Amino acid sequence: MNKIFKIAKQELKMTAANKAFVIITLLGPFIILALAVVPSLLIDKTGIAEGTKIGVIGVPEDLEEAMTVAFQENNLELVSGISIEQMKTLLFEDALQGILVLPSDFLQAENYLYYSKTGTDMMISETLSGILNHLAVTTRLEKAGFNPQEVTKLSFKAGMVVRKLGKTGEEEAGQGFSDIFFTSFSFVMLIYMTVLLYGQMIGRSVVTEKTSKTVEIMLSSVTPKQMMFGKILGLGSAGLLQYASWILLALVLVKIVGPVLNLPLPKALNPGNLLYLVLFFICAYFLYSSAYAALGAASEDEQHLGQLAMPLIIFLIIPLMTLTSVIMNPKTPFAQVLSYFPLTSPIIMLARVLVEEPPLWQILLSFFILILSILLMVYLAAKIFRVGILLSGKRFKLQEIIKWIRY
Amino acid sequence: MLDVKRVSKGFTNVQAVDSISFTAQKGEIFGLIGPNGAGKSTTIRMIMNIIAPDTGEILFDGNPICEKDKDRIGYLPEERGMYKKVKVKEILTYFGSLKSDNKKGIQEKVDYWLKRFDLEDWKNRKVQELSKGMSQKVQFIASVAHDPQFIFFDEPFSGLDPVSSDLLRDSILKLGREGKTILFSTHIMEQAEKICNRILLLNKGKEVLSGSLEEVKDKYGKRTIVVEFDGKGDFINTLPMVKHCITYPRYVEIELKEGSAPDHLLSALVNKVSIRRFEIVSPSLHKIFIDTIGGKKESRDE
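In order, the protein sequences belong to chains A and B. One gets my numbering by counting positions in the first sequence from 1 and adding 572 to each. One gets my numbering by counting positions in the second sequence from 1 and adding 239 to each.
By construction, these hints were calculated from the structure, which means they are not laboratory data. Where hints are given, some of them may not hold.
What the hints assert, rightly or not - Straight-line C-alpha distance at most 35 Å; calculated DSBU-like pairs for lysine-lysine: (1) B:K456 to A:K578; (2) B:K458 to A:K785; (3) B:K326 to A:K797; (4) B:K443 to A:K955; (5) A:K966 to B:K482; (6) A:K966 to B:K324; (7) B:K343 to A:K785; (8) A:K797 to B:K328; (9) B:K445 to B:K471; (10) B:K471 to B:K443; (11) B:K324 to A:K591; (12) A:K966 to B:K365; (13) B:K482 to B:K419; (14) B:K342 to B:K328; (15) A:K785 to A:K955; (16) B:K307 to A:K966; (17) B:K371 to A:K575; (18) A:K578 to B:K419; (19) B:K456 to A:K797; (20) B:K265 to B:K456; (21) A:K966 to A:K585; (22) A:K955 to B:K307; (23) A:K581 to B:K323; (24) A:K578 to B:K365; (25) A:K966 to B:K443; (26) B:K371 to B:K443; (27) B:K323 to A:K969; (28) A:K975 to A:K581; (29) A:K797 to B:K445; (30) B:K323 to A:K966; (31) A:K975 to B:K445; (32) A:K955 to B:K244; (33) B:K354 to A:K578; (34) A:K578 to B:K526; (35) B:K265 to A:K797; (36) B:K482 to A:K785; (37) A:K797 to B:K511; (38) B:K354 to A:K581.
All values reported here derive from a predicted model rather than from experimental measurement.
Generate the whole structure from the sequences, applying the supplied hints.
The structure is reproduced here in structure tokens:
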């Protein structure tokens, strides 16, 4: 045990002295901040800039005034009276944001045509579509003999307010979709990145031990098992150190900086959720790092390790790819299965915890399966490690390596 | 005292070590000698408890080796390596601390050896800045910093310049005088001859010969003659009384056939070359090595 801690201490020292580690620790919070806050700031504030000019061809004379007013209400400026050729020139001089082409029989039109330089400015085209449809419908109703004021009064639409309902029955104010989505996404990205990073660091560290021939000296002092656990614990404490500094920063941000500066910080960034983040990181770390340690011991060099570790990376990527659907609908059987399967559960169960507050027994079951899997993985990894660390000179295939478990 | 008794180890296709026995006494420098692939490293790895022998036993001071014994052993592996980005003193202290809890003792030893090898100015530099010779010395220090009772040196002189080589040899001899049990493996016979009290010659995992240097040399007889001369010596190989002749740059080492007397050789030489030295000697270890292993190798290659 003593030797394990000595190795762990040295590994922690060597990792913490590494420039990459320092940079990631310092930049980590900004990455999280960027992922968690900036998109929601962008969504809330990305309106249409005032005075955005839209060229319109074929404005119906009787509706020109109403249309101009409606445009102005949406920060848009209606430009008309020039030919479409001139408008195209203006568009490419950036004097116009877009060109709207209306058919001659505006009221009976099935489509309006909108040109823009990008073809992707959804916000404006949606706004224009809303304006035009509203105008067309009210005009049609008017023509059919309804009173314009009456029509406006009767044809109003209600908006939709979305609130997350907490377990205790109370509304959790401010927990909107984008809020939860971005918090979940940044937490998940964080776990994914750190587990991958630390896993590969362990793998590389073990391979380097072999390629630099330091392994002979190490094994003349300690057993392969002590060496493996020392490395896993050492790098793991480096990871925890990193998480601790990030979480401290997040709490300072949420509890002090946010209220003082009145920043719209996500409510999901709370101590409870941060605790789950750390717990799931620890589980994912032990599971993946022991596998990486075993593969590192079995590798000839870093490229070989990269090939052997492909299956692991795939299991890390699956939850990332399915994350959006899990967040939108955490009740599907697919999401349920992934939240218990140990290689994906740290990410998927964490996302479920953030989104839907699953029953406690489900969270505990997920942890229980994880811990059993970690024990099994560590047991198997130690066996592979013991054989692999002494073998060199051949690029073994994964199938051959797995057979070492029986030795 | 280290006792290796009839130890064998086989891998999938090779019998790496085949029933080897030897004893290294306290204060003795024991040479494990043989060509590459003879089984030296496997033997050392078994003694280090890194791999287990298939049969046989290894005793430290009369007790079977266990994991704890690793702390009493210092090991300089043949293929050297250290963490490149760590400072010299830090890595020496780390490797020492893995085997001993006596921090102060390790500090003192590390300082002592750094001074002895004239590396004091380098103790706060990173390992990657060291030259090959320097890192070899640092590695040597790593093997002795925890003041072990048993020390294994695997090819300690490879890659060292003559001055460092001498310094290292003196250090090893000094450790021997201090009462350490030293196991020393090499394929360079001259080195073994200068250092070892006793040797074990290995080939293809089997013992070829063993004993003290004197015993080994006696066994190979006194029919070896060294001749230094001016003139062309090509004919010597064809003389009837010469069994074998090794030509060195400045002299030849001749083994006579059974029943031939040295003065026959002298009379055959004296008229053809001008002799500066004619000496009856013990065979060099190098010659024994070639005789016992070189010959067999050739016949196996055929």
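Going down the list of hints, with the structure as the test:
1. Restraint check for K456 (chain B) and K578 (chain A): not satisfied, since their Cα atoms lie roughly 48 Å apart, outside the 35 Å limit.
2. Between K458 (chain B) and K785 (chain A) the CA atoms are separated by roughly 39 Å; this puts the pair beyond 35 Å, and the hint is violated.
3. At roughly 26 Å between alpha-carbon atoms, K326 (chain B) and K797 (chain A) fall within 35 Å of each other, so this suggested pair holds.
4. Proximity of K443 (chain B) to K955 (chain A) is assessed by CA-CA distance (about 30 Å); at most 35 Å being required, the pair is judged to hold.
5. Pair hint K966 (chain A) plus K482 (chain B) does not hold up; C-alpha atoms about 45 Å apart against a cutoff of 35 Å.
6. Distance hint between K966 (chain A) and K324 (chain B) is fulfilled; the C-alpha atoms sit about 27 Å from each other, no more than 35 Å.
7. Between K343 (chain B) and K785 (chain A) the alpha-carbon distance is near 28 Å, which keeps this suggested pair within the 35 Å criterion.
8. This hinted pair checks out: K797 (chain A) and K328 (chain B) have alpha carbons roughly 26 Å apart, not beyond 35 Å.
9. Pair hint K445 (chain B) plus K471 (chain B) does not hold up; C-alpha atoms about 40 Å apart against a cutoff of 35 Å.
10. At roughly 38 Å between alpha-carbon atoms, K471 (chain B) and K443 (chain B) are farther apart than 35 Å, so this suggested pair is violated.
11. At roughly 11 Å between alpha-carbon atoms, K324 (chain B) and K591 (chain A) fall within 35 Å of each other, so this suggested pair holds.
12. With a C-alpha separation of about 31 Å, the suggested pair K966 (chain A) and K365 (chain B) falls inside the 35 Å cut-off, and the hint holds.
13. Among the hinted pairs, K482 (chain B) with K419 (chain B) is inconsistent with the structure: their alpha-carbon atoms are about 41 Å apart, more than 35 Å.
14. For the given pair, K342 (chain B) sits about 13 Å from K328 (chain B) by alpha-carbon distance, which is consistent with the 35 Å threshold.
15. Straight-line distance between C-alpha atoms of K785 (chain A) and K955 (chain A) comes to about 21 Å, which keeps the hinted pair within the 35 Å bound.
16. Straight-line distance between C-alpha atoms of K307 (chain B) and K966 (chain A) comes to about 32 Å, which keeps the hinted pair within the 35 Å bound.
17. Pair hint K371 (chain B) plus K575 (chain A) holds up; C-alpha atoms about 29 Å apart against a cutoff of 35 Å.
18. Between K578 (chain A) and K419 (chain B) the CA atoms are separated by roughly 27 Å; this keeps the pair inside 35 Å, and the hint holds.
19. Note on K456 (chain B) and K797 (chain A): the hinted pairing is violated, with a Cα-Cα distance of about 46 Å set against a maximum of 35 Å.
20. About 23 Å separates the Cα atoms of K265 (chain B) and K456 (chain B), which keeps this hinted pair within 35 Å; it holds.
21. Restraint check for K966 (chain A) and K585 (chain A): the C-alpha separation of about 32 Å stays at or below 35 Å, so the hint holds.
22. This hinted pair checks out: K955 (chain A) and K307 (chain B) have alpha carbons roughly 21 Å apart, not beyond 35 Å.
23. Among the hinted pairs, K581 (chain A) with K323 (chain B) is consistent with the structure: their alpha-carbon atoms are about 17 Å apart, no more than 35 Å.
24. About 20 Å separates the Cα atoms of K578 (chain A) and K365 (chain B), which keeps this hinted pair within 35 Å; it holds.
25. Of the pairs offered as hints, the one joining K966 (chain A) and K443 (chain B) holds, with about 22 Å between alpha carbons and a cut-off of 35 Å not exceeded.
26. The straight-line distance between the Cα atoms of K371 (chain B) and K443 (chain B) is roughly 30 Å, inside the 35 Å bound, and the hint therefore holds.
27. Of the pairs offered as hints, the one joining K323 (chain B) and K969 (chain A) holds, with about 29 Å between alpha carbons and a cut-off of 35 Å not exceeded.
28. For the suggested pair K975 (chain A) and K581 (chain A), the alpha carbons sit about 32 Å apart, so the restraint of at most 35 Å is met.
29. Restraint check for K797 (chain A) and K445 (chain B): satisfied, since their Cα atoms lie roughly 32 Å apart, inside the 35 Å limit.
30. At roughly 24 Å between alpha-carbon atoms, K323 (chain B) and K966 (chain A) fall within 35 Å of each other, so this suggested pair holds.
31. The straight-line distance between the Cα atoms of K975 (chain A) and K445 (chain B) is roughly 31 Å, inside the 35 Å bound, and the hint therefore holds.
32. Between K955 (chain A) and K244 (chain B), the direct Cα distance comes to roughly 29 Å. Compliance with the 35 Å bound is thereby established for this hinted pair.
33. Between K354 (chain B) and K578 (chain A), the direct Cα distance comes to roughly 26 Å. Compliance with the 35 Å bound is thereby established for this hinted pair.
34. The suggested pairing of K578 (chain A) with K526 (chain B) is violated, with an alpha-carbon distance near 48 Å, which exceeds 35 Å.
35. For a cut-off of 35 Å, the pair hint linking K265 (chain B) to K797 (chain A) stands: about 32 Å separates their Cα positions.
36. With a CA separation close to 45 Å, the supplied pair K482 (chain B) and K785 (chain A) exceeds the 35 Å bound.
37. Distance check on the hinted pair: K797 (chain A) and K511 (chain B) sit about 69 Å apart at the alpha-carbon level, beyond 35 Å; violated.
38. Restraint check: the Cα-Cα separation between K354 (chain B) and K581 (chain A) comes to about 28 Å, which is no more than 35 Å; the hinted pair holds.
Checked against the numbered hints given earlier, the structure breaks hints 1, 2, 5, 9, 10, 13, 19, 34, 36, 37 and satisfies all the rest.
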